[in-house]
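S.K.: Sequence:
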Amino acid sequence: MTAKFDFDKPIDRRNTASMKWDRYRGTDILPMWLADMDFQSPPEVMAAIRQRVDHGVFGYSRPPEDLTKITLTMLKERYGWTVKRHWLVWLPGLVTGINVSCRAVGQRNDDVMTAIPVYPPFLTAPGFNERTLTTVPLTENEMNWTLDFDKLEQAVTPRTRLFLLCNPHNPVGRVFTSDELRRLVAFCKKHDLVICSDEIHCDLILDPAKTHFPTAVLDLEAADRTITLMAPSKTYNIAGLGCSFAVISNASLRERFKTAMAGLIPDVNILAFIAAEAAYRQGEPWRRAVIEYLRSNRDIVIQAVNAMPDLDIKPIEATYLAWIDTRRAGIQHPAAFFEKAGVGLNNGQDFGGPGFVRLNFGCPRATLETGLGRMAAAMATRTNHKGLH
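Terminal number for the sequence shown in the working numbering: 389, no gaps in between.
It is worth saying that the hints were derived from the structure and are not from the lab. Values in this document were obtained by computation on a predicted structure and should not be read as measured data. Treat the hints with care, since some could be wrong.
With a Cα cut of at most 25 Å, we get these calculated DMTMM-like pairs of lysine to aspartate or glutamate [to be verified]: (1) Lys76 x Glu180; (2) Lys189 x Asp148; (3) Lys9 x Asp36; (4) Lys190 x Glu180; (5) Lys314 x Asp207; (6) Lys151 x Asp207; (7) Lys314 x Asp22; (8) Lys340 x Glu130; (9) Lys189 x Glu142; (10) Lys20 x Asp325; (11) Lys76 x Asp207; (12) Lys69 x Asp207; (13) Lys190 x Asp224.
Using the sequences and the hints given, assemble the complete structure.
M.R.: See below:
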């Protein structure tokens, strides 16, 4: 499957205004932090953009009718979800959707709840929109992380209005089961909470035994209280173009969402629309191939991390992100420790998970093996030094 696409091919991203690579400009530190992949996007996406560039006019744009049609078809074919076109709200980024959801639901000083560790914008969006953040730790067991419904019940308040869900979960890589989601919907129904369900990684399920269930697909009650956020950006490596969408079946909630956007949120640009349409229409062979490649990279990461002294990692069911536990090693600043060793990782503290680091394995295998080798050498040196004292 991967033979048609060369994911081993190194793409030099230095001096391309890349946020991921510019962080370490002029150093030998490998950037394995920000969640974009070091692969070229599907050839069909690049061809579609070139064709539009050749047209030469880049005026204001509207969502192309063909993009709407292919998005509805994709949702039906992949998830059995029959979505009406007027439920779609196009956005210039998924983080925008998280912030708009916080602004659209409830009133100033109301509470927004989420489970940590989690993608950092979940932790900042409530405050940006004059809401109060409530965090509840995920429960950790030997095999995975799960929602802790006892702690959710203890933390909810009469002012809680919104639950921010990340599924598949960034950074822990869980694909929540339909039973877990039903329990969450029941909890939100009991306390009359709206759910903002960030499902941006839903098309990157690595565990063949797992299935992604959009929260809104579970039943009419779930659909009625859910703002679903999706995008082709992570899947097809087009995040920098900025095209995402919300699916909101509840008419009143959808109008509140649109009102919260008014005058603040810019339209999606035409090249982003063109890329999204090409990705959904023609990118399926590439998507299947990249999942196969990422699955192998994931296995390499898990094997390598498990061989390093005092580091732990749980199974990664989805995403191209590894959540690595350094707590047993007792490293005071783990991200800085590995950065000194030549590997740039995310600091778990930023996700509400101190003692962890997040590694992006969406890169050519040679890059991944170099980074893991540097981490292993740093851990071995540290262990040897400890043994000398």
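S.K.: Each of the hints needs a verdict: does it hold here or not?
M.R.: Quick rundown of the hints versus the structure:
1. For the proposed pair Lys76 and Glu180, the alpha carbon gap of about 22 Å is at most 25 Å, so the pair holds.
2. Distance restraint check for Lys189 and Asp148: the Cα-Cα separation of roughly 17 Å lies within the 25 Å cut-off, and the hinted pair is therefore satisfied.
3. Of the pairs offered as hints, the one joining Lys9 and Asp36 holds, with about 16 Å between alpha carbons and a cut-off of 25 Å not exceeded.
4. The straight-line distance between the Cα atoms of Lys190 and Glu180 is roughly 15 Å, inside the 25 Å bound, and the hint therefore holds.
5. For the proposed pair Lys314 and Asp207, the alpha carbon gap of about 13 Å is at most 25 Å, so the pair holds.
6. Annotation: proposed proximity of Lys151 to Asp207 is violated, straight-line Cα distance about 28 Å (limit 25 Å).
7. Restraint check: the Cα-Cα separation between Lys314 and Asp22 comes to about 30 Å, which exceeds 25 Å; the hinted pair is violated.
8. For the given pair, Lys340 sits about 38 Å from Glu130 by alpha-carbon distance, which is inconsistent with the 25 Å threshold.
9. Using a Cα cut-off of 25 Å, the hinted pair Lys189 and Glu142 is violated, with the two alpha carbons roughly 30 Å apart.
10. As the CA atoms of Lys20 and Asp325 are separated by approximately 22 Å, the hinted pair is consistent with the 25 Å bound.
11. Between Lys76 and Asp207 the CA atoms are separated by roughly 21 Å; this keeps the pair inside 25 Å, and the hint holds.
12. About 29 Å separates the Cα atoms of Lys69 and Asp207, which puts this hinted pair outside 25 Å; it is violated.
13. At most 25 Å may separate the alpha-carbon atoms for a hinted pair to count; Lys190 and Asp224 meet this at roughly 14 Å.
Checked against the numbered hints given earlier, the structure breaks hints 6, 7, 8, 9 and 12 and satisfies all the rest.
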